[in-house]
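J.: Here is what each chain is made of, one letter per residue.
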Amino acid sequence: DVKVTQSSRYLVKRTGEKVFLECVQDMDHENMFWYRQDPGLGLRLIYFSYDVKMKEKGDIPEGYSVSREKKERFSLILESASTNQTSMYLCASSPQGDGTEAFFGQGTRLTVV
Amino acid sequence: GNSVTQMEGPVTLSEEAFLTINCTYTATGYPSLFWYVQYPGEGLQLLLKATKADDKGSNKGFEATYRKETTSFHLEKGSVQVSDSAVYFCALSTSTGFQKLVFGTGTRLLVSP
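As you go down the protein sequences, you meet chains A and B in turn. Following the numbering used here, the numbering of the first sequence begins with 1 at its first residue and continues without gaps. Following the numbering used here, the numbering of the second sequence begins with 114 at its first residue and continues without gaps.
FYI, nobody ran anything at the bench for these hints, they're computed from the structure. Do not take every clue at face value.
[Unchecked claim] List of simulated lysine-lysine pairs, DSS-like, C-alpha gap at most 30 Å:
#1 K70(A) / K53(A)
#2 K55(A) / K13(A)
#3 K18(A) / K70(A)
#4 K55(A) / K165(B)
#5 K165(B) / K57(A)
#6 K3(A) / K70(A)
#7 K190(B) / K3(A)
#8 K13(A) / K57(A)
#9 K181(B) / K3(A)
#10 K3(A) / K169(B)
#11 K13(A) / K3(A)
#12 K13(A) / K53(A)
#13 K55(A) / K169(B)
#14 K57(A) / K71(A)
#15 K190(B) / K169(B)
#16 K71(A) / K53(A)
#17 K173(B) / K190(B)
#18 K18(A) / K3(A)
Next up, chain A with everything else stripped away, as it sits in the complex (with noise of 0.2 Å):
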């Protein structure tokens, strides 16, 4: 069964503190994707990677970055979290090639405080 594993389901941070949000996926897919969900505004995508050390800004990045150090792991950082970050954030995985199915992680659902 294909899996796209986010490391949280709940996470509450403080202002002000780096969180790290981890996503794994066993399905060597070559692209991977972090969206956030907000009612009303459906989902946004703040960065996605293509390859291993590779990555691209979405529509959002402003106060996150990522890392990709190995093909199955992207991790989405917010360098100093703001209440406007609470959300729900969620992974995404999908092969390379058109019309290609993205698989996506249950979401962690961030508070900052």
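On the provided structure of chain A, position chain B as indicated by the hints.
T.: Just chain B, lined up with the frame of chain A:
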């Protein structure tokens, strides 16, 4: 740029009613089109897809046809069940941009017995 517009919810139906959720898109080139579903407390999973004009995607009684002339990919089901209650996302990806998925805002479906 690329974008997806889908009808706002919630959509409230009785069991066995007919379902339509509208989705239209704007894209350069020839996108692939998807419907993803998110059940309560879970990540997104692919429901169906279509990769070229006039293709019909289908799964679990749901259908959607890729209409290039109207830039639409409406989701339909002839008889909904309580278990279909979820949030439905329309999305597209293009052959450029590393197969990034662009999502609509999501439509919540509530089916009552």
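J.: Does each hint fit the structure? Answer for all of them.
T.: A quick look at each hint next to the structure:
1. K70(A) / K53(A): Holds, at roughly 8 Å.
2. K55(A) / K13(A): Cα-Cα ~25 Å, so holds.
3. K18(A) / K70(A): 21 Å, holds
4. K55(A) / K165(B): Given pair K55(A), K165(B) holds - Cα atoms ~29 Å apart, limit 30 Å.
5. K165(B) / K57(A): 28 Å, holds
6. K3(A) / K70(A): 16 Å, holds
7. K190(B) / K3(A): 28 Å, holds
8. K13(A) / K57(A): 24 Å, holds
9. K181(B) / K3(A): 33 Å, violated
10. K3(A) / K169(B): 27 Å, holds
11. K13(A) / K3(A): 26 Å, holds
12. K13(A) / K53(A): 27 Å, holds
13. K55(A) / K169(B): Between K55(A) and K169(B) the Cα gap is close to 34 Å, so the pair fails against 30 Å, i.e. violated.
14. K57(A) / K71(A): Given pair K57(A), K71(A) holds - Cα atoms ~18 Å apart, limit 30 Å.
15. K190(B) / K169(B): 13 Å, holds
16. K71(A) / K53(A): 9 Å, holds
17. K173(B) / K190(B): 9 Å, holds
18. K18(A) / K3(A): 27 Å, holds
Going down the numbered hints, you'll see the structure goes against 9 and 13, while the others check out.
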